[in-house]
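Asker: As a plain string of letters, each chain reads:
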Amino acid sequence: MLEVKDIHTYYGDSHVLQGVSLEVNRGEVVCLLGRNGAGKSTTMKSIMGLVPPRRGHIFFMGEETTGLPPYRMVKRGMAYVPEDRRVFPHLTVEENLEVAHIAARREGRWTVKGILEVFPMLERLRHRKGGHLSGGEQQLLVIARALLANPTMLLLDEPCEGLAPIIVEELEKVILEIRREVTILLAEQNAPFALRVSHRGYVIEKGRIKFQGTREELLANEEVQSRYLAL
Amino acid sequence: MEDRTILSVENLSKAFGKFYAIKDVTLQVPKGEITALIGPNGAGKTTFYNVVTGKYKPTTGRIVFEGREITGLPPHKTARLGLGRSFQITNIFLENTVEENILAALVAYHGRGLSLFRGLNAYRDLKEEAHEILEMLGLADRAREVAKNLAYGDKRLVEIGIAMAGHPKLIMLDEPTAGMTPEETDRMVAMIQGLFQETGITFFLTEHDMKVVFSIAHRILVLHQGSLLAQGSPEEIRNNPRVREAYLGGSLDA
Amino acid sequence: METLLINILNGLCYGMLLFIISMGLTIIFGVMGVLNFAHGSFYMLGAYLCLWLAPHIPGFWLALVVAPLLVGLLGALSEVALLRPLYGRDVSFQLLLTFGVLLILDDAVKLIWGPGYHSMEAPRVLAGTVPILGSTYPVYSLFIALLGPIIAGVLWFFFHRTAWGKMIRAAAMDREMASAIGINVPLLFTAVFFFGTFLAGMAGVLAAPLRAVGPAMGDNIIIAAFIVVVVGGLGSFLGAFVGAIILGLVEALGVQLVPQLQMALPYILLALILLVRPRGLFGRE
Amino acid sequence: MVRGARTIALAAGILFLFVYPRFAGAFPVLLLTEIVIFALFALSFNLLFGYTGLLSFGHAAFFGLGGYAMALLVQHYQLSMIPALAVSMLVAGLGAAIIGFFCIRRDEIYFAMLTLGFGMMVFTLVHQWRSLTGGSDGITGFEVPLLDLVVKKFSLFSPWAFYYFALVVCLLFTLFLWRITHSPFGLILRSMRENAERVSFIGIDIKFYRWIAFTLAGLVAGVAGGLFAMYDRMASPTMVHWTMSAKPVLMAILGGTRVFLGPALGALIFYLLEHFITQYTQSWMIFLGAILVPIVIFFPQGVLGTLISWGRRLKGREDHGG
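Protein chains in written order, with this note's numbering: chain A, 1 to 231; chain B, 1001 to 1254; chain C, 2001 to 2285; chain D, 3001 to 3322.
If you are wondering where the hints come from, they were derived from the structure by calculation, not from laboratory data. Bear in mind that the values here come from a model prediction, so they are computed numbers and not experimental data. Each residue gets a CB set at the ideal place from its N, CA and C atoms; glycine is no exception. It cannot be assumed that every hint is accurate.
Listed next, the in silico DSSO-like pairs over lysine-lysine satisfying Cα-Cα at most 30 Å (straight line) [as the list claims (entries may be wrong)]: (1) 210/A - 1211/B; (2) 1169/B - 206/A; (3) 3207/D - 1077/B; (4) 1031/B - 1018/B; (5) 3247/D - 1155/B; (6) 3207/D - 1169/B; (7) 129/A - 113/A; (8) 1127/B - 1148/B; (9) 1077/B - 1155/B; (10) 1055/B - 1077/B; (11) 3153/D - 1148/B; (12) 3247/D - 2110/C; (13) 1169/B - 210/A; (14) 3152/D - 1148/B; (15) 1148/B - 129/A; (16) 3315/D - 1127/B; (17) 206/A - 1148/B.
If you want a taste of the chain A side facing chain C, the calculated C-beta under 8 Å gives, among others [as the list claims (entries may be wrong)]: (18) 52; (19) 55; (20) 67; (21) 68; (22) 71; (23) 80; (24) 82; (25) 88; (26) 89; (27) 91; (28) 99; (29) 100; (30) 103; (31) 120; (32) 121.
Residues of chain D clear of chain B, computed beta-carbon distances all greater than 12 Å [unchecked claim]: (33) 3014; (34) 3022; (35) 3129; (36) 3146; (37) 3147; (38) 3154; (39) 3164; (40) 3178.
Can you build the whole structure from these sequences, using the hints too?
Answerer: Laid out in structure tokens, this is it:
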């Protein structure tokens, strides 16, 4: 479904991604593991078109999408949950959801009403401003917002960051629930969490993929664990 | 006790609206040691830095540095008293050269900022000192490079260099190894340990990487949801069940 | 007493004009981060177009629709052709560029319509005066003072109840994220610039029967509009409304109460508010 | 190589400024006088904008204060040139110190708006205080004072004499600004432009430094204003209006704010454009605008800044080739 071929991405002069390649098949949850600054978020942003790569190719659903702006990616079925959550702070929960639904213009399972039923916590907070939610609530809102594009694939960038363990458990349930319908690429520092919900994983370090394998392979490889993941 | 403590914080709170980023934190930082403050993202570490160094005014509480109350003093005053800090997000003067980055801090420390009519090049002593600092950081050959062209790890070193150039009595590092590769992290840890042994400055740091924390800190403080959860020696923290439960999870087993 | 009332009405009338202009300015700034120096010139252009169109199409009311559309189109065109290459560059370049547009428009107007001042009749329905407390007051001014709140209501509805309005607000808060949920941001920017300059043009048309139409009218109003949006809080809807009323009243009452200082009053207001409230009355940090 | 080219260009430029007018008619000399004065005005503005990161939109206030002070001193007290200019400089500096005290409390767009506000208050003051300033007519009808160099007095009546006087004064103050920007103080200013918050964490009171920079910039703008009033034989409210404040902004960005002499080159380009366009048409603004727009788009660092970076790139290519 998604194929990233040897992309090189820069921030100004600094060469952040130095040839990242990865693949995600339909129905999979694939995690991208690595430390802060290893290039996880940049990979996600490159795929989404927020920071287009200077070299390399990205194929989504069989077509090349390298360099397409984010809104065109959304139209093709890609949704993105950014690392720092980024709800629209002065829009209410409901407006945050509405805007996403209107903007994406993709019909499918999810509607604003439907999603509020699935996330009862958001239903209770529907008139609250996005900026007045707690971190966990914001995280749920942003995932719900992404789902309203009725995506075929979801990019989840560090959903656990800064969340209390109880919320992380909640999040785990949500991901396990939606992965039945949506293909997911998950960037995480929290390897135990990521490996609980993923089928396969890549380890990224210094802008390069250092290791890839199934969940079992990653769990079994001690060198990877101690060297890259600090488990 | 009194003279062993360089920084003492009493009942410190900082609220943003209704949300308390720091709640009633009391702690002491002993002189001549490396103290680490740990806690999950969002625990309030950076807010703690910002309140202590004067970027934010605390909502309540008292901060005493070297026996002198500094509560609410602005950053330029706390810096002049000897409180140096580095930032989590690289925070240097990107369009200036590496040397100028360090020189700016030296100019400030030596009180030469208001010298208008003598060229910078005439200040041999400052240049030499800047050179020494760059040498110490291993950046001497990059002195004339514009800072924005440095590699990420080197930018982080410049960050430390700016803080060191202020001749601090207490240096507060905010995640010095954030985003670094293992090699860069090792280099940074060695650098911190080297600086500590050479200068005897008191270090205070926050850090994500538990290996780093447990290898260099003499004392560890754990912040959780804005409150101090525990403090003690690395051994005590390692074995504290509340800490393990709330934050560390499995990550201490390495 | 009557003069006071008359002056308050004058203030409200001028304030409402300022509100419409400032609203355009503040939307453009809020969403795109561009401080549009040429905004006053678009306002001026609206007035001239009204002057020119009203006899042709015929009528003021049609001009009220057509002229702002033309101004908005010109605005959209200049956004696409001139501003687009500058996004991501230092803000000062956008300022300079819109200043260049201001120079062009100001001189173009002089070339086409001459350097002199023109005046225009109010539309027939709104011509004449009404008695108020023993003196008389022009119906047209009263109409503007009442139209302002109506337009404010319409704009409020647009921003809070319509899909486009909500998308514009979302893009104002976080441009990158707006794109990442599927909003076509370049198109939205053009639309916003169209809409902002449309409002400027509309204010120009409304001002045409009220104030002298001349080449300097844009340069005078742009500074007033800057003051309004800064006093109110950059990007704030409510701020533009309240700021415009305050500035309108300050100017109108200043004429009566402290005539020597009247010219300086808006600036004194600006300085005082900024020194007390760094982000304006309704500004967000 | 770039450095060598720069030295040569600079020497050639100064040589031209001294030699050319000896062989030129009155009109080019007058034009050149205005350029030199405005170059200094733009350079003083750029101490704030390019070096400290503060966009002042009221810099004409100090230009105007200098001009009015000069005109009043010459008209009422018959001061000779240098003392009159010195006092005007101090008056403008004092004005800048007072206004700066308030303005430096805010930054970015809010600083720009505050300076605009205070600048226009000064405008209102000179516009309304008829008895002192002549209101909208300004102050006219004074003689250009003698240049009293103790051993000898010179008349500055001829365009040539005044030009050389203005040139020397402007070069001296340009040198003064250059010295400042290359001093430790200048380094702190540049660091504040890069990252003001970080500067406060190295122990610098950024407000105080901004205030000093603001005052110095006002001081030098006052010199430019004083010269301009003598050049124009008039001090008028247009000298203080915001449209006058817009000029150095325009010139500095046009020439390049990150290069010391960028604003001076900007002033030159501005006046040459004005001069050549007005020969052909009354509506020179439309052409200025039409030229400004592509310059803004294609010279992202201003003309001089972009030229220098092209030079560097060229040099880089040569180095690689050799």
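Asker: With reference to the structure, classify each hint as holding or not holding.
Answerer: Results for each hint:
1. 210/A - 1211/B: holds (21 Å)
2. 1169/B - 206/A: violated (34 Å)
3. 3207/D - 1077/B: At roughly 13 Å apart (the allowed maximum being 30 Å), residue 1077/B and residue 3207/D satisfy the hint.
4. 1031/B - 1018/B: violated (35 Å)
5. 3247/D - 1155/B: Outside the cut-off at roughly 38 Å; violated.
6. 3207/D - 1169/B: Cα-Cα ~25 Å, so holds.
7. 129/A - 113/A: Holds. Residue 129/A to residue 113/A sits at ~18 Å (cutoff 30 Å).
8. 1127/B - 1148/B: Distance of about 21 Å is within 30 Å: holds.
9. 1077/B - 1155/B: Holds, at about 25 Å.
10. 1055/B - 1077/B: Judged against 30 Å, a Cα distance of about 11 Å means the pair holds.
11. 3153/D - 1148/B: violated (54 Å)
12. 3247/D - 2110/C: holds (21 Å)
13. 1169/B - 210/A: With Cα atoms ~41 Å apart, residue 1169/B and residue 210/A exceed 30 Å; violated.
14. 3152/D - 1148/B: violated (55 Å)
15. 1148/B - 129/A: violated (38 Å)
16. 3315/D - 1127/B: Satisfied, since the Cα-Cα distance of roughly 28 Å is no more than 30 Å.
17. 206/A - 1148/B: holds (18 Å)
18. 52: This hint is violated: residue 52/A lies away from chain C, its Cβ roughly 12 Å from the closest one there, beyond 8 Å.
19. 55: violated (21 Å)
20. 67: Hint on residue 67/A: violated, closest Cβ of chain C at ~14 Å, above 8 Å.
21. 68: violated (11 Å)
22. 71: Hint holds; residue 71/A Cβ to chain C Cβ min 5 Å, cut 8 Å.
23. 80: holds (5 Å)
24. 82: holds (7 Å)
25. 88: Check passed: Cβ of residue 88/A comes within 5 Å of chain C, closer than 8 Å.
26. 89: Since chain C brings a Cβ to about 6 Å from residue 89/A, closer than 8 Å, the hint holds.
27. 91: Holds - the Cβ of residue 91/A comes within 8 Å of chain C, reaching about 6 Å at its closest.
28. 99: Cβ of residue 99/A sits 5 Å from chain C, so the hint holds.
29. 100: Where the cut-off is 8 Å and the nearest Cβ of chain C is about 4 Å from residue 100/A, the hint holds.
30. 103: holds (4 Å)
31. 120: Since the shortest Cβ distance to chain C is 23 Å, the answer is violated.
32. 121: Violated: closest Cβ of chain C sits about 20 Å from residue 121/A, beyond 8 Å.
33. 3014: holds (20 Å)
34. 3022: Fine: 33 Å to the nearest Cβ keeps residue 3022/D off the interface.
35. 3129: Check passes; 34 Å lies beyond 12 Å.
36. 3146: Label holds. Min Cβ-Cβ 30 Å, cutoff 12 Å.
37. 3147: Holds: least Cβ distance 26 Å, greater than 12 Å.
38. 3154: holds (29 Å)
39. 3164: Answer for residue 3164/D: holds, closest chain B Cβ roughly 26 Å.
40. 3178: Since the minimum Cβ distance to chain B is about 10 Å, residue 3178/D lies within 12 Å and the statement is violated.
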